[in-house]
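Could you build all of it, start to finish, from the sequences and the hints given here?
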Amino acid sequence: MPDAKLYDELVALIVDTCHIQEELPDVIDPESSLIGPDSPLGLDSLDAVEIVVAVQKHYGVRIGGENTGREVLDTLRSLAEFINQNRA
Amino acid sequence: MSEWLAPNSFQHRQYAHCESGAVAGLLNHAGLPLSEALVFGLGGGLFFGYVPFVKLNGFPLMTYRCYPGGIFKRVTHSLRCPVVQKRYRHPQQAMAELDRLLEQGHVVGLQTSVFWLPYIPAALRFHFNAHNLLVIGKEGSRYRISDPVVSDLTWCEEEDLCRARFARGALAPKGRCYYLQGPPQVTDLRPALVHGMQVVCRDMLAPIPVGGIRGMRFMACAMEQWEQRYGVRKARYCLAQLIRMQEEIGTGGGGFRFIYAAFLQEAAVQLHCEKLEALSDRLTAIGDAWREFALSAARCCKGRDETVTYHSLGQQVLDCANQEDALFRELRETTRTLKHQLKGL
Chain A
1 MPDAKLYDEL VALIVDTCHI QEELPDVIDP ESSLIGPDSP LGLDSLDAVE
51 IVVAVQKHYG VRIGGENTGR EVLDTLRSLA EFINQNRA
Chain B
1001 MSEWLAPNSF QHRQYAHCES GAVAGLLNHA GLPLSEALVF GLGGGLFFGY
1051 VPFVKLNGFP LMTYRCYPGG IFKRVTHSLR CPVVQKRYRH PQQAMAELDR
1101 LLEQGHVVGL QTSVFWLPYI PAALRFHFNA HNLLVIGKEG SRYRISDPVV
1151 SDLTWCEEED LCRARFARGA LAPKGRCYYL QGPPQVTDLR PALVHGMQVV
1201 CRDMLAPIPV GGIRGMRFMA CAMEQWEQRY GVRKARYCLA QLIRMQEEIG
1251 TGGGGFRFIY AAFLQEAAVQ LHCEKLEALS DRLTAIGDAW REFALSAARC
1301 CKGRDETVTY HSLGQQVLDC ANQEDALFRE LRETTRTLKH QLKGL
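Protein chains in written order, with this note's numbering: chain A, 1 to 88; chain B, 1001 to 1345.
Please keep in mind that the hints were generated in silico from the structure rather than gathered at the bench.
Be careful, since some hints might not be right.
[Claimed, not checked] Which stretches of chain B does chain A cover? Using the computed rule of at least three CB atoms under 8 angstroms from a CB of chain A, they are:
(1) 1184-1192
(2) 1239-1251
(3) 1286-1294
(4) 1299-1313
Glycine included, every Cβ here is placed at the ideal spot set by N, Cα and C.
Spelled out as structure tokens, the structure:
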């Protein structure tokens, strides 16, 4: 199970990458949608491209091939679990 | 009833792309377990096309894969798999035929419109008429669906499925259904692997201006004019559409380049060919370059990076085209050698 530190790191990375300027909720539920209208971060599919590249550069894990981006970017938890499982 | 026809034994799994996933599902059920990447490669799925005089949802047709139905057709042909494919004029006839096939124990593939499938989240539905799914059973008025891009088996009401099968517009499915009549006759995959690679090399290096490497160069030049031709707003929509076709609609990222690289890697093992492994690594790097292009394009759409221009985006596409040109020429040479080796066995 991913730890809180990784969640915080990811939120900071996403905020920085996607230039989020709106005020964020104090706590972001790892189970909430990452992309789409229900996203607490207000991310859309163009942001998803930026996140995929940022995650690859930062953690050295490629989201692609038969690992569907849709599945990995479903929630903060699924993204964190994917990073934990795949980084060297 | 043969065991391979029993839908109760059907094992659902999620795939990146609908058509290669549906074909992999059918073949796995028929007793030939193949990965999605192998199916995609055997079906010669990789391509690039930019056809500005054909519009899809109001945008120039841009594609990173072969025509819808092409993967199913090529894979089943290569593996000598007896299949039936049908289109219908009347929805009632199509649904009655589907019921009859399910009663006979077939797993049936359908071409549908994503927009009319209620189990797909509303945010992900759009007007795309070439979505593939498998129907494995029926209970009352509901069909049991194995949708390759959905994580679990799901249900769909008859009325909704009928609407999705007969949606109108570009690539209208016209009730298209397909199923296997028997298991594949080919057990040695090696000749089919080489043939699949040859198909992709032929298409990518074809001397037509809108397809393959030449299609990429054509688009790279054309996109420098998008702002003048379409205006700032619509040019950004065009870019967003291009990103969607490359990174979203089940491509596995990098416009199917990562999936094809995985195919080359599997083919390298089966054909004992180190050269294919090296080409796989290079194609993965090219996929990363396409992704860098998508990143720049996304920033351009969002107005986040003023250094990105349509000219610089065109240059990135040209760079990808040059790299792919060299790669597919080498792959073509490699397949010729492999073909001679296989003939000599």
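Do the hints match the structure? See the list:
1. 1184-1192: violated (count 0)
2. 1239-1251: holds (count 6)
3. 1286-1294: Coverage by chain A holds for the region 1286-1294 of chain B (5 residues, Cβ < 8 angstroms).
4. 1299-1313: Coverage by chain A holds for the region 1299-1313 of chain B (4 residues, Cβ < 8 angstroms).
In this structure, the one hint that does not hold is number 1.
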